[in-house]
Amino acid sequence: MTSRIDNKRCLKMYEQMLTIRRFEEKAIELFEHNLIRGNIHPCIGQEAVSVGACSPLRRDDFMVNTHRGHGNCIAKGADLKLMMAELFGKSTGYCKGKGGSMHIADFEGGNLGANGIVGGGLPIAVGAGIGIQNRGTDQVAVCFFGDGATNQGTFHESLNLAALWKLPVIFVCENNLYGLSTPVRESISVVNISDRAMAYGIPGMSIDGNDIIAMHTKMTEAVDRARAGEGPTLLDCITYRFFGHFTGDPGKGITYRSKEEMGQWLERCPIKRFRERLIKEKRITEKTEKTMEADVKASIEEAVQFAKESPLPLPEEALQDLFH
Amino acid sequence: MTERMISCSAAICEALTEEMARDEAIFIIGEDLVAHGGIFGQFRGLPERFPGRLIDTPISESCIVGAGLGAALTGMRPLVDMHFADFVTCAMDEIVNQTAKIRYMFGGQVKVPLVIWAPDGAGLSAAAHHSQSLESWFVHTPGLKVVVPSEPADVKGLLKAAIRDDDPVIFFQHKKLFAREGPVPEGEHIVPLGKAAVKRPGGSVTILTYGSGFYMSMEAANELAGMGIEAEVIDLRTLKPLDFGTIADSIKKTNRAVVVHEACLSGGFGAEVSARINSELFDYLDAPVLRVAAKDVPIPFSPRLENFVLPKAEDVISAVRQVVYR
Chain A
7 MTSRIDNKRC
17 LKMYEQMLTI
27 RRFEEKAIEL
37 FEHNLIRGNI
47 HPCIGQEAVS
57 VGACSPLRRD
67 DFMVNTHRGH
77 GNCIAKGADL
87 KLMMAELFGK
97 STGYCKGKGG
107 SMHIADFEGG
117 NLGANGIVGG
127 GLPIAVGAGI
137 GIQNRGTDQV
147 AVCFFGDGAT
157 NQGTFHESLN
167 LAALWKLPVI
177 FVCENNLYGL
187 STPVRESISV
197 VNISDRAMAY
207 GIPGMSIDGN
217 DIIAMHTKMT
227 EAVDRARAGE
237 GPTLLDCITY
247 RFFGHFTGDP
257 GKGITYRSKE
267 EMGQWLERCP
277 IKRFRERLIK
287 EKRITEKTEK
297 TMEADVKASI
307 EEAVQFAKES
317 PLPLPEEALQ
327 DLFH
Chain B
7 MTERMISCSA
17 AICEALTEEM
27 ARDEAIFIIG
37 EDLVAHGGIF
47 GQFRGLPERF
57 PGRLIDTPIS
67 ESCIVGAGLG
77 AALTGMRPLV
87 DMHFADFVTC
97 AMDEIVNQTA
107 KIRYMFGGQV
117 KVPLVIWAPD
127 GAGLSAAAHH
137 SQSLESWFVH
147 TPGLKVVVPS
157 EPADVKGLLK
167 AAIRDDDPVI
177 FFQHKKLFAR
187 EGPVPEGEHI
197 VPLGKAAVKR
207 PGGSVTILTY
217 GSGFYMSMEA
227 ANELAGMGIE
237 AEVIDLRTLK
247 PLDFGTIADS
257 IKKTNRAVVV
267 HEACLSGGFG
277 AEVSARINSE
287 LFDYLDAPVL
297 RVAAKDVPIP
307 FSPRLENFVL
317 PKAEDVISAV
327 RQVVYR
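Quick mapping for you: the protein sequence lines, in order, are chains A and B. Residue 330 is where the first sequence ends in our numbering, and the numbering goes up by one at each step. Residue 332 is where the second sequence ends in our numbering, and the numbering goes up by one at each step.
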């Protein structure tokens, strides 16, 4: 039941999920037309994790992100125009074209940046937690990472330290079942990633990461705990990336995932499920939905337009921003 | 301001005491800080003076450095104690991929006021895992400032400057020099980053050095003076950004240069300095630039072996005599 969450918030979460989906679809399209270079790691299919994890956050809370991070940026309140301009490598982008798709940060919005190194963000989130504890505020730091990161040393060092000092950090594992092409069942020694919380004496739970209401509810509990000074939580959010690892993945990951499996997960699409629920509970009308779709489309078109019209950086700008 | 003789260790403590009293955002994080005042006793007195601001961690170097970074990004000014410089290998991602790159990669959105304090160097029979001089790795990593002081006054002044700097600084300090004493000004004494110092004037040859190499070079210079060779000894102090102006001024006068460091030869900082002198000051040179450095092996344990591997004043003398053709 969504009933405990007010209508306004439900619709906002739905709109954010749609925005992420359409943003990613557009980014892939632009990549295929060579307007975006490099590569994109789309988070299509994982929208409920991004939105559910960020919806209980305030703007002054911190977030640490991963290479598959567009959705988390949007959910934390990033400006689509500045994001798209960054993807285009334009000087108006969040990072003036120096970061690209894998490295978007928005420090004013509490987004401490996305990491190209698997597990690279966990210690940074711990440090943000130390800063919060030191200043004595009730902020929290949310750390996104993938299933693959839970096999890195930084995961274990960070959970231990955060648990030891009861830091206000929420560890959100976007468990999309594959580290690039390696399935979790072949790489993780426990059945559930959340079982690893036990080793550090902190609460851990595995959640249906494609159920936005479950995500929002569990995340709210974890954030409340952190704000109350009760320490970190590990959330293992089970989800699926429809598009494979990155835009260069043949057949959306068909070399390591079966058609049947991919088909089953499409059925569990988080947006489809949330929509059905909203309709069933009469929380959304056809008219509202249409307006929302049109608004989302317009905001993305506006972002693309902004990115296209923005200037490329001057070559010499490559030598700026290293030191103060 | 009066000067008195204090050790490098006391200079660290004094710099930190003054800075921590001045700015509450500064804290020290690392292993074994509170009970021992640091593994070398270098922070003795600070835990009592600043309760809660020296944070003992588990042995988790990746997380220690990464946490220092995260705190720096969110308003604090941490000093991370690396315990031994050799342990940077356990935190290379946090130093090289995270700390060094964050400001640039994110388009200059944020400052990174982080000091990584790393005691380095050989000569204590500590063998291969506790004796290295790894500064050139970090000079080769854009985004880090690299400081290697020698004398206690520089330790104090550079550490204060590093703590106040809004960019990440890796601060190497030679373990064997902790007890070394020298005159240190009391109170506010800042040595700006990126400024070399002519520590001994001379007209025959320029010796470019830093850290433990400085003492080796001064010893050599004093002996060379007896042979009528006046070496100008420049203590580089900061390797990045490098004060090439001071180097150039000296070489234009002496027309000869020898670079001295304790780190091993191949790919060492001497190679960088030498290359730069050759490309920018070739017309002023009367001899090839020579390098004095450790031999290209890990640091061995046995004092006899270790002594053989490390550079000495006599190696500096021999290199200088080669370039002055005497």
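Misleading hints may appear alongside valid ones.
[Claimed, not checked] Below, computed lysine to aspartate or glutamate pairings styled on EDC-like, alpha-carbon distance capped at 20 Å:
| hint | chain 1 | residue 1 | chain 2 | residue 2 |
| --- | --- | --- | --- | --- |
| 1 | B | Lys117 | A | Glu307 |
| 2 | A | Lys96 | A | Glu227 |
| 3 | B | Lys259 | B | Asp289 |
| 4 | B | Lys258 | B | Glu229 |
| 5 | B | Lys201 | A | Glu114 |
| 6 | A | Lys172 | B | Glu37 |
Calculated directly from the structure, the hints in this document are not laboratory data.
Status of the hints after comparison with the structure:
1. B/Lys117 with A/Glu307: Violated, at roughly 33 Å.
2. A/Lys96 with A/Glu227: Status violated; Cα separation ~39 Å.
3. B/Lys259 with B/Asp289: holds, 12 Å
4. B/Lys258 with B/Glu229: violated, 24 Å
5. B/Lys201 with A/Glu114: violated, 34 Å
6. A/Lys172 with B/Glu37: At roughly 19 Å apart (the allowed maximum being 20 Å), glutamate 37 of chain B and lysine 172 of chain A satisfy the hint.
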